[in-house]
Amino acid sequence: MTKTVLIADDEPNIVISLEFLLQEAGYEVLVARDGQEALEILNRRVPDLILLDVMLPRVSGFDVCQHIRAHPDWRGMRVIMLSAKGRDAEVSKGLELGADAYVTKPFAIKDLMAEVARQLGDPPSLP
Amino acid sequence: MLLGGVILLASFVYLGILFAIAYYGDKRADAGRSIIANPVIYSLSLAVYATSWTFYGSIGRAAVNGVGFLPIYLGPTLMCALWWVVLRKMIRISKVHRITSIADFIAARYGKSALLGGLVTVIAVVGIIPYIALQLKAVSASFEILLQYPEVVMPPKGRAVALWRDTALYIALLLAAFTVLFGTRHLEATERHEGMVAAIAVESIVKLLAFLAAGIFVTFVVYDGFGDLFGRAAQLERTAPLMKFGDAAGASWTSLVLLSMMAILFLPRQFQVSVVENVNEGHVAKAIWLFPAYMLAINIFVLPITLAGLMHFPDGRIDADTFLLTLPMAHGQEALALFVFIGGLSAATGMVIVETIALSTMICNDLVMPVLLRWRALALVRRADLTGLLLTIRRGAIVVLMMLGYAYYRVAGEAYALVSLGLVSFAAVAQFAPAMLGGMYWKQGTRNGALVGLTLGFAVWGYTLLLPALAKSGWLPISLVDDGPLGIERLKPLALFGLAGLDDISHALFWSMLANVGGYVAVSMLGRQGIGERAQAQLFVDVFTRSDHAARPWRGSASVQEMMALIARFLGSARAGEAFAGYARQRGWTSAAEIQPDAELVCFSENLLAGAIGASSARVMVASVVKEEPLGMDEVLNILDEASQVLAYSHQLEQKSRELEAATAELRAANARLQELDRMKDDFISTVSHELRTPLTSIRAMSETLQAKPGMDEARRRQFISIIVKESERLTRLINQMLDLARLESGGADWHSAEVDLGELIEDAVSTTAALLRENAITLTVDLPPHPPMLRSDRDRLLQVLLNLISNAAKFCPRDGGRITIGLHVRPDVVQVDVSDNGVGIDAADQALIFEKFRQVGDTLTGKPQGTGLGLPISRQIVEHLGGKLWVVSAPGRGATFSFTLPLEAQAGPASVPAAHKTTSPS
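Going down the list, the protein sequences come from chains A and B. According to my numbering, the residues represented by the first sequence are 22 to 148, in order. According to my numbering, the residues represented by the second sequence are 110 to 1032, in order.
Some hints here could point you the wrong way.
Claimed, not checked - Subject to a maximum C-alpha distance of 16 Å in a straight line, what follows is the list of computed EDC-like cross-link-like pairs (lysine to aspartate or glutamate):
1) B:552 / B:687
2) A:106 / B:849
3) B:818 / A:69
4) A:24 / A:117
5) A:106 / B:275
6) B:204 / B:849
7) B:765 / B:751
8) A:114 / A:69
9) B:962 / B:813
10) B:994 / B:813
11) B:818 / A:40
12) B:962 / B:775
13) B:204 / B:346
14) A:24 / A:84
15) A:131 / B:813
Hints were generated in silico from the structure; no laboratory data involved.
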């Protein structure tokens, strides 16, 4: 069964590259441009993993994460947080809120894809 | 014949009794149970005024002048009326200031002047010597006469008697020894001699009784009462005129009354008994009528005895002076005669004792001690025990006085009747009146005034009274008196400046008082008082209105131990300890050890010592302990100066501390601001890094993807590459703008000033953005006035602003029908440029937001704004730097108009100074 990944990021160019890579890796990709949109999508369809940018308009990534973790049905969902802010405070905050991983931008695509694969229990898509 | 032995025995017994009384009186005083605290005793002690002059001399004078003897007693009687005011004030002042003699009083009043005290002492001594001589004459004459009983003969006159045979000499020696024993057994802090007062009171009684006895005998035994006596006298030519008041009144009486009024106050013995020995001011009230009563009693029989004597001894062989003695003798009354002799002796000894004690105190305290203390060679100040020295000085003074009295008696005693001798002394002590009365009632009286007055008065007295006395006795050429010195008639001692017709005494009184009062008043009014003097003047004159006697301001340091040691040297450690303990108790301390050394202690010590050695010497001694720095006007001013400086300094300090507080508050605020700026900087940095990382992320992701997927299709490959290029551009733009903004904000940007044609500038901007506008199908309208103005400004920067505004407008124009209008308006002092679009508009909340760094609001072109968010902040910085303002007017759905103004006049500030902002270093 194909796994679903939701990309929540307001930078279109990042979305483009991630979408491409994920599709190449065989995942179905959903896209949300802001936090609100992300929550709406989550209501309709629960992905297996969400790539969550912290700096999202309307509803921030942290809030979305909290929502996800509060929701009983979505407990199984993996959350990888993305942020340009790499300070320890931010990282611990994210992890405390329940993110499974925290990746700082700019990232190496190899590392991000490897993290995605690990979270989903799949072999890495990029050598 | 009355054996000399009997007389002598009687005399010694009497003197012994007196001594015993005095001893007992002193013992009771030491035990604290005074026997003289009694107004009757006080009044009786005042009667020491009546000496052998009263006893014998009055009768002698009455024999010549009739009632002319009275003025001497009228004076004091009149003075008694004033006693309640004058005497009480003197007593109060003396108690408060521990005054022990007239010299002390005058010296203390005029600034504790030792010179003045010495002068007064000299005048007193010289003046009283005739009086002492009078007593000696009376006692020796009466002794001689009585020795001849039952014959009534006069003793041989003149210097015919050899020295060692002269009764008077032995009497003088005897009296000296008696007085030494009597009055100088120990030093009294208060110079009070209670025993002496008791003895004097007894003497007053004895002499009164003796006189009365003789008088009663003569009047009621020899004759049949007053009526009989006067009746018989009126019939005789010799005695008749004496009963009339005829030529009695006049200048003579006036001057005698005045003299005696002053004498009752200023004779040293009177001052001693009425002021110094006074134990209670209230006694004065009784004395005011008791004393005149005594005077009356003792004078009742003067005239009767005179008349009787004249009638009994008509041939003038017998001196009228001796009637009181010779009458009883003539009538065979042995006992009465002896009693009268004892009475006369009593009167004389009373005077001598009190007078010499008073004078010796003055000599010791005000004449000898000041000289000795200042005589550095003796180093008296450092001697441990001075009691012995003081007593020795006093005893010596007493002996010297008696000897001087005797000398005067031998030299000039014979020439004058007794009364005249006494009046000479009266005139001498009258010289103290101006200085003393002036000192008590006139604050303006100065020391120099007193000095001059006293000196002049004394000089005139000596010239008009003493000199003639010596001349008439043959010690000076009589031509001095008759013709004046060097033959100058105007300067005749008995008729100065031609004032003849007055008796000697009146004449002398007039001139001496004139000189004295004149000198005193004139010099006082012309002169100035020192601080100490002024303080003393106030203390004396205002003694009834002041309840305290605070010391004048002083600076110094003292130790209580040193003070006590000093006092002990004079009064003995027992008395000193008592006094200090009393002082401590008064202050509420439990013992003398707790006493605080301050100005009050110094004052107390001075007063304590003044009782023993006089005020001026006390000052010297205390000053030596206290290391006082005497204050002159300069020093007081300095102290005031210091005080005001200290005040000013403390004001300054207050002010400084206030300023310090303000500065601290400012510093705290600045620190808070800095911390906030720090936070803002941190935020800024994190924001900046975030902004930079975003395009970097795209670039990296795209690049890596291209690398990882070589099999990517061409279209996608081209897309990715173009994204990389665009994002790189974006990144570059971002970095450039951030640097630009940083430079603008910090003032490190370059500014070039030139003439700018606004119209041409706008056209330039339009053509630069033409492609963008064409791409987005935006129509542009430019609305320029006919003659756009020229500006001095930075062209490139203005272009930057215009481009920014136009591109913003372009971003926000709708996809179709986007319209941009550029307007230029010229106003009096500024020119305004407007850039309007017909986009979605900006709501009020965002209008402030858009001018913040990195902040953008949504536009219609893309979901996410592609700008850097720095354009408007930069534009605003530029416009404000050029002296204008940049703002937006907009409403949602109604488009937006960005306007900025520029001043038409070239700004004096930044715009015209190209490198103004470059330097930031403080030098």
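message = Run through the hints listed earlier and report the numbers of any the structure violates, in increasing order.
response = 1, 2, 3, 4, 5, 6, 7, 8, 9, 10, 12, 13, 14
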